[in-house]
Amino acid sequence: MVQPGHIRGAWTLGLPRFNKPLAAQVPLFSAHVQVSLRSSVLDPAGEATRAAAARLGVDGIKTLRIGKSIHLELEASDRATAQAQIELLSDRLLANPVIEDWSLELAETHGGPQA
Amino acid sequence: MTVGIVVFPGSNCDRDVRWALEGCLHLSTRFLWHEERDLGGIDAVVLPGGFSYGDYLRCGAIARFAPVLEAVRDFADGGGPVLGICNGFQVLTEMGLLPGALTRNQKLHFLCEPAPLEVRPGTCQWLKSYGEGEAINLPIAHGEGRYQCDADQLQQLEGEGRVVLRYGQNPNGSVGDVAGLTNPAGNVLGLMPHPERACDPATGGTDGLRLLASVLA
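Quick note, the sequences are listed as chains A and B, same order. So the number in this note's numbering is just where the residue sits in the first sequence, counting from 1, plus 106. So the number in this note's numbering is just where the residue sits in the second sequence, counting from 1, plus 48.
Honestly, I wouldn't trust all of these hints.
Said to hold, decoys possible - Here are some of the chain B residues that sit facing chain A, going by a computed Cβ distance under 10 Å:
#, residue
1, TYR101
2, ARG106
3, ILE110
4, ARG112
5, PRO147
6, GLY148
7, ASP198
8, ASN218
9, GLY221
Claimed, not checked - To give an idea of the interface, some chain A residues facing chain B are shown, with a C-beta separation under 7 Å as derived from the structure:
#, residue
10, ALA157
11, ALA160
12, VAL204
Claimed, not checked - Okay, the calculated beta carbon distance ranges per label pair:
#, chain 1, residue 1, chain 2, residue 2, range
13, B, GLY207, A, ALA151, 29 to 37 Å
14, B, GLY144, A, GLN191, 30 to 38 Å
15, B, GLY207, A, VAL164, 25 to 33 Å
16, A, PRO203, B, GLY209, 19 to 27 Å
17, A, ASP165, B, ALA233, 50 to 58 Å
18, A, ALA151, B, ASP86, 36 to 44 Å
Source of the hints: derived by calculation from the structure; they are not laboratory data. Don't be surprised by glycine CBs; every beta carbon is placed ideally from N, CA and C.
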């Protein structure tokens, strides 16, 4: 759906284009980074939670591991740039590759940043 | 001789370290706020214990990007003595000055107790006044002190004699009973136990005094 202020591209007509021409053109990406302890690393918090699950009466849980879920929105000129930026972020800050793995889901959000 | 003590928001052993160095060893110290970049006149650096930046994300993960640590990295690369205690050790691993990582204690408890340790000083500058295999006692106080690295890395560290401090009775599940590590050059030491809390006879043992005093020699 095309609405003034929500569209990208220099051809777009509408007020934001004239007031903030650049803001209307930079695509916005939404990303979800999932960080989990490597399978070889003991997760004592997960083990304690698994034990509590059994006390609740939920039996049969074989593994329970706790990770982190990080949602972020990023402005970038294109998808490849966004992907590279978030990969760098995940590898160097969000996760410690010595003990953690991470995975990334990236999507371009429809509707640019609000003015 | 002036020892720089790095102060992050959330550091809480900075004053203990200052007391140990000034009150017990009569050295001069300077607090280095996390935004400082100038280590001029500093002869050794201590990264103290605490919860830098609230330990958000992971212990030491945010501290690693503090401006002062760029200067500390250059200082360490130039052979300057750097000591990371507890949270300071976690910061050193996040910076990559020491390998591996420190994770949640195996039994989840925050451990605050005396820890018997075995010292294997090797080439570590900070431990040169301890005998090979000497048994000492230092207090530990941590929730995330379980040292973790892969088997190949541990074997390499052992082979190079860089596991310089080992727990007598492993309290937290660390691989190889690792309590402290040094870098290949021996000028950087990271350890979970608190030597600064074992310096003043008024508060118990003094096994940590020689470690901090080693910067004098």
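These are the hints, each one checked on the structure:
1. Interface restraint check for TYR101 (chain B): the shortest CB-CB distance to chain A comes to about 12 Å, outside 10 Å, so the restraint is violated.
2. The beta carbon of ARG106 (chain B) comes within 6 Å of a beta carbon in chain A, closer than 10 Å, and the hint placing it at the interface holds.
3. Taking 10 Å as the C-beta contact cut-off toward chain A, the hint placing ILE110 (chain B) at the interface holds, the least distance being around 8 Å.
4. Restraint check, ARG112 (chain B) versus chain A: the minimum CB separation of about 8 Å is within 10 Å; hint holds.
5. Below 10 Å, beta-carbon pairs count as interface contacts, and PRO147 (chain B) has one with chain A at about 8 Å; its hint therefore holds.
6. Hint on GLY148 (chain B) holds. Least Cβ distance to chain A is approximately 6 Å, under the 10 Å limit.
7. Hint status for ASP198 (chain B): holds, given a least beta-carbon distance of 7 Å to chain A, under 10 Å.
8. Below 10 Å, beta-carbon pairs count as interface contacts, and ASN218 (chain B) has none with chain A, the closest being about 13 Å; its hint is therefore violated.
9. Taken as an interface hint, GLY221 (chain B) checks out: its beta carbon lies about 7 Å from the nearest beta carbon of chain A, inside 10 Å.
10. The restraint placing ALA157 (chain A) at the interface with chain B is violated, with a minimum CB-CB distance near 11 Å, outside the 7 Å limit.
11. For ALA160 (chain A), the shortest C-beta to C-beta distance to chain B is roughly 17 Å, which exceeds 7 Å, and the interface hint is violated.
12. At about 4 Å, the closest approach between the beta carbon of VAL204 (chain A) and any beta carbon in chain B falls short of 7 Å, and the interface hint on this residue holds.
13. GLY207 (chain B) and ALA151 (chain A) have their C-beta atoms about 33 Å apart, which keeps the hinted 29 to 37 Å range intact.
14. Taken as a hint, the range 30 to 38 Å is violated for the pair GLY144 (chain B) and GLN191 (chain A), whose Cβ atoms sit roughly 21 Å apart.
15. For GLY207 (chain B) and VAL164 (chain A), the Cβ-Cβ distance of about 46 Å falls outside the hinted range of 25 to 33 Å, so the restraint is violated.
16. For the hinted restraint 19 to 27 Å between PRO203 (chain A) and GLY209 (chain B), the CB-CB distance of approximately 26 Å keeps it satisfied.
17. For ASP165 (chain A) and ALA233 (chain B), the Cβ-Cβ distance of about 54 Å falls inside the hinted range of 50 to 58 Å, so the restraint holds.
18. At roughly 41 Å, the beta-carbon separation of ALA151 (chain A) and ASP86 (chain B) lies within the given 36 to 44 Å, and the hint holds.
Taken one by one, the earlier hints fail for this structure at numbers 1, 8, 10, 11, 14, 15, listed in ascending order.
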